[in-house]
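Order-wise, the sequence lines are chains A and B. Each residue of the first sequence is one higher than the one before, starting from 1 at the first, in my numbering. Each residue of the second sequence is one higher than the one before, starting from 1 at the first, in my numbering.
Be aware that one or more of the hints could be misleading.
Identical copies go unnamed one by one, so any copy, or any two together, can satisfy a pair.
Derived SDA-like pairs: lysine to any residue, alpha-carbon spacing no greater than 25 Å straight-line [what the hints assert, rightly or not]:
| hint | residue 1 | residue 2 |
| --- | --- | --- |
| 1 | K284 | E220 |
| 2 | K338 | D312 |
| 3 | K271 | A377 |
| 4 | K126 | Y142 |
| 5 | K123 | D87 |
| 6 | K27 | A52 |
| 7 | K143 | S411 |
| 8 | K143 | A119 |
| 9 | K123 | F235 |
| 10 | K143 | D115 |
| 11 | K143 | I122 |
Source of the hints: derived by calculation from the structure; they are not laboratory data.
In case you want the letters, here they are:
Number of protein chains: 2
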Amino acid sequence: MARLVMKFGGTSVADIDRIRNVARHVKREVDAGHEVAVVVSAMSGTTNQLVAWCREASRLHDAREYDAVVATGEQVTAGLLAIVLQDMGVNARSWQGWQLPVLTSSAHGGARILDINGAELIKRFKERDREVAVIAGFQGVYKETNRLTTLGRGGSDTSAVAVAAAIGAQRCDIYTDVDGVYTTDPRVVPQARRLDKIAYEEMLELASLGAKVMQVRSVELGMVHNVRIFVRSSFEKPEDIDPHAEPSGTLICDEGEIVEQQVVTGIAFSKDEAQISIRRVSDKPGVAAAIFGPLADSNINVDMIVQNVSADGSTTDLTFTVPSADYERARITIEKAKASIGYERLDTATDVAKVSVIGIGMRSHAGVAAQAFGALAKNKINIRAITTSEIKFSVLIDAVQTDLAVRTLHSLYGLDKT
Amino acid sequence: MARLVMKFGGTSVADIDRIRNVARHVKREVDAGHEVAVVVSAMSGTTNQLVAWCREASRLHDAREYDAVVATGEQVTAGLLAIVLQDMGVNARSWQGWQLPVLTSSAHGGARILDINGAELIKRFKERDREVAVIAGFQGVYKETNRLTTLGRGGSDTSAVAVAAAIGAQRCDIYTDVDGVYTTDPRVVPQARRLDKIAYEEMLELASLGAKVMQVRSVELGMVHNVRIFVRSSFEKPEDIDPHAEPSGTLICDEGEIVEQQVVTGIAFSKDEAQISIRRVSDKPGVAAAIFGPLADSNINVDMIVQNVSADGSTTDLTFTVPSADYERARITIEKAKASIGYERLDTATDVAKVSVIGIGMRSHAGVAAQAFGALAKNKINIRAITTSEIKFSVLIDAVQTDLAVRTLHSLYGLDKT
Numbered sequence: 001m002a003r004l005v006m007k008f009g010g011t012s013v014a015d016i017d018r019i020r021n022v023a024r025h026v027k028r029e030v031d032a033g034h035e036v037a038v039v040v041s042a043m044s045g046t047t048n049q050l051v052a053w054c055r056e057a058s059r060l061h062d063a064r065e066y067d068a069v070v071a072t073g074e075q076v077t078a079g080l081l082a083i084v085l086q087d088m089g090v091n092a093r094s095w096q097g098w099q100l101p102v103l104t105s106s107a108h109g110g111a112r113i114l115d116i117n118g119a120e121l122i123k124r125f126k127e128r129d130r131e132v133a134v135i136a137g138f139q140g141v142y143k144e145t146n147r148l149t150t151l152g153r154g155g156s157d158t159s160a161v162a163v164a165a166a167i168g169a170q171r172c173d174i175y176t177d178v179d180g181v182y183t184t185d186p187r188v189v190p191q192a193r194r195l196d197k198i199a200y201e202e203m204l205e206l207a208s209l210g211a212k213v214m215q216v217r218s219v220e221l222g223m224v225h226n227v228r229i230f231v232r233s234s235f236e237k238p239e240d241i242d243p244h245a246e247p248s249g250t251l252i253c254d255e256g257e258i259v260e261q262q263v264v265t266g267i268a269f270s271k272d273e274a275q276i277s278i279r280r281v282s283d284k285p286g287v288a289a290a291i292f293g294p295l296a297d298s299n300i301n302v303d304m305i306v307q308n309v310s311a312d313g314s315t316t317d318l319t320f321t322v323p324s325a326d327y328e329r330a331r332i333t334i335e336k337a338k339a340s341i342g343y344e345r346l347d348t349a350t351d352v353a354k355v356s357v358i359g360i361g362m363r364s365h366a367g368v369a370a371q372a373f374g375a376l377a378k379n380k381i382n383i384r385a386i387t388t389s390e391i392k393f394s395v396l397i398d399a400v401q402t403d404l405a406v407r408t409l410h411s412l413y414g415l416d417k418t
Numbered sequence: 001m002a003r004l005v006m007k008f009g010g011t012s013v014a015d016i017d018r019i020r021n022v023a024r025h026v027k028r029e030v031d032a033g034h035e036v037a038v039v040v041s042a043m044s045g046t047t048n049q050l051v052a053w054c055r056e057a058s059r060l061h062d063a064r065e066y067d068a069v070v071a072t073g074e075q076v077t078a079g080l081l082a083i084v085l086q087d088m089g090v091n092a093r094s095w096q097g098w099q100l101p102v103l104t105s106s107a108h109g110g111a112r113i114l115d116i117n118g119a120e121l122i123k124r125f126k127e128r129d130r131e132v133a134v135i136a137g138f139q140g141v142y143k144e145t146n147r148l149t150t151l152g153r154g155g156s157d158t159s160a161v162a163v164a165a166a167i168g169a170q171r172c173d174i175y176t177d178v179d180g181v182y183t184t185d186p187r188v189v190p191q192a193r194r195l196d197k198i199a200y201e202e203m204l205e206l207a208s209l210g211a212k213v214m215q216v217r218s219v220e221l222g223m224v225h226n227v228r229i230f231v232r233s234s235f236e237k238p239e240d241i242d243p244h245a246e247p248s249g250t251l252i253c254d255e256g257e258i259v260e261q262q263v264v265t266g267i268a269f270s271k272d273e274a275q276i277s278i279r280r281v282s283d284k285p286g287v288a289a290a291i292f293g294p295l296a297d298s299n300i301n302v303d304m305i306v307q308n309v310s311a312d313g314s315t316t317d318l319t320f321t322v323p324s325a326d327y328e329r330a331r332i333t334i335e336k337a338k339a340s341i342g343y344e345r346l347d348t349a350t351d352v353a354k355v356s357v358i359g360i361g362m363r364s365h366a367g368v369a370a371q372a373f374g375a376l377a378k379n380k381i382n383i384r385a386i387t388t389s390e391i392k393f394s395v396l397i398d399a400v401q402t403d404l405a406v407r408t409l410h411s412l413y414g415l416d417k418t
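Just chain A, with the same shape it has in the complex (with noise of 0.2 Å):
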């Protein structure tokens, strides 16, 4: 016996047909003798549609009144699930963000789970017979005002998580549209092969890096409650699951559960950036204030900087990566500060891509980056910049040499399928 938490996104609940077969997958859980707590998103297509009735009925919403509106698609579905897994003779109910409660912050539109209370919730498994919650994901209740909250696009992952934890789960179940997390992108590298295990901070890498499989704040919880996450496939058929082998997917979880830890894990990129250069930028404290104020005030988001020691005692270049999306209006604000910040020229390039190596191995294994710029160098394949972290390092390259620099990394550090 486990107590289980499953979590099922949008595409998986998209009609009844196949709010069926997740009342399937849930079923055989139960039947197997545990204690399952699901956690469902909205039906696909009707958070839009609700979303798309706020902005008509107005272009500035008050973000209250959007989570009322956008709250109830995670409510519809967990009822209709509720009601599906009864006809299909298992106990259970469904629970609204505001029924548990799910207390969360004020932050209407991306509110931050503070508290759930799990207690109600396990007194159930005892005294009904291990009756099913049905919790509406994405969704709680600011206390102070008992107004209904949501948490952000892709926050039912993070419901998920913090329903984990709050029930002491031994695993929470992410079914998804991908089998597991994978060493890169199969679609550049063939050879790309699941993972069984990432630690969270690899994943957490890989989540910011773009890897689409878990939102970044999910497996920032999962790592604070220590909850084991696991990401496997909703399309695998419920019947030919056995619920007593070892299910196929990637758990995510503490790096002292991976035995045999790995140098690197992962290889990740993104081919959608802009690098934008400040030449002979004054080297003098509060420069670096100067050029990132006005880009956050502009909400832009800064992803790499590299900065170098000064050459000549007096300026500086200094380099910052931000998405293709949002160079044009970069280069503007920085252009217009160009007074504040005191700089030469700027060099710009829209057309690079970033490269990333992770690997938790990285903090103890020394030369692996070196390796890296070896290969490169050897593939002709030139470094614009360069950052690090203890766990993960990243290039800065020309973005039609992507592929062949994911390839060349991934065989590099053995992660090609055997």
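Got chain A; can you put chain B on it based on the hints?
Structure of chain B alone, referenced to chain A:
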């Protein structure tokens, strides 16, 4: 300055453009200095979709889950209308049933409102510059379990009247697709005219007889709490209404408020009736129970019941009517119970109609029914059965003569337009 409740049904809020139109109606009253609470239904079609999903999920769905799913429709409308109002510069916020809260009985799917806390709304009228309360109709919460309940179809009318009672509103405006209550159906009698006022009791009779203007329960509630209900058209353009002039529509109110009470207020009719006469049933205690018990068990709504005093002291004839749709089931039910009832034979007719004459004035005026019998006889309309109550009498006639009978009585009692 007055305090008003305004209620809008599903077709009035079917899309954002129509919600914007509703908002203009609301703004008109706010601008006129009134304190306003709005009660809204789900966008038309939404409830049907939600109900269809529940049915697809299971033919025997849990009423608690059904309520959780279906209640979302009104929540969406309430949020959207609040957004549109704010966009027009009107201070507004939405309220879901559990937020006010609207406390109801536990009868999921058909709950009764037990209590609404109006104090918070009144406080907000005062403290927040007449903040408009936009309330999701049709729903409440059962306190003990903290689960959502719905009031059954048409329940938004009941929500509106209950809110009006809770906040002590001077009037509860029901915006609907008719512009008031008529003396009879204008499609049958072109001379039918709109009533300025109608007493609760009269409206209750009309509603019970199938006038679709208002839900019976909402009129009952209005009568108990003395809420003045005003039926008016949702098609009038907000711009065309002078907020300081007397609005056009029909006021449902206490009879004391109707200065010039007519003897007869309206004529109602129903063509979908079937008649079952039980011949030579033994005239002894318990027979009525033997007949109507099985019908009630089969969920058949019996309408008119006519039993005359026995002529021979041992047997009598008993006639009752049921909706045409239930005729076959009713006949079979009575045939099956023949042994326990004890009767000679059944005479039935499926082509009958009931015509009813309603008026509080009948209480104090003798001979009102006698006039009708004379007029009907003069027009060669045969009366199959008669029932009477304090403020109403009904005659059962052949269905083909319905229109003639209604026109005859409408003119007889001076209801024709002048």
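> Which of the listed hints are not met by the structure?
Replying inline: 1, 7 and 9
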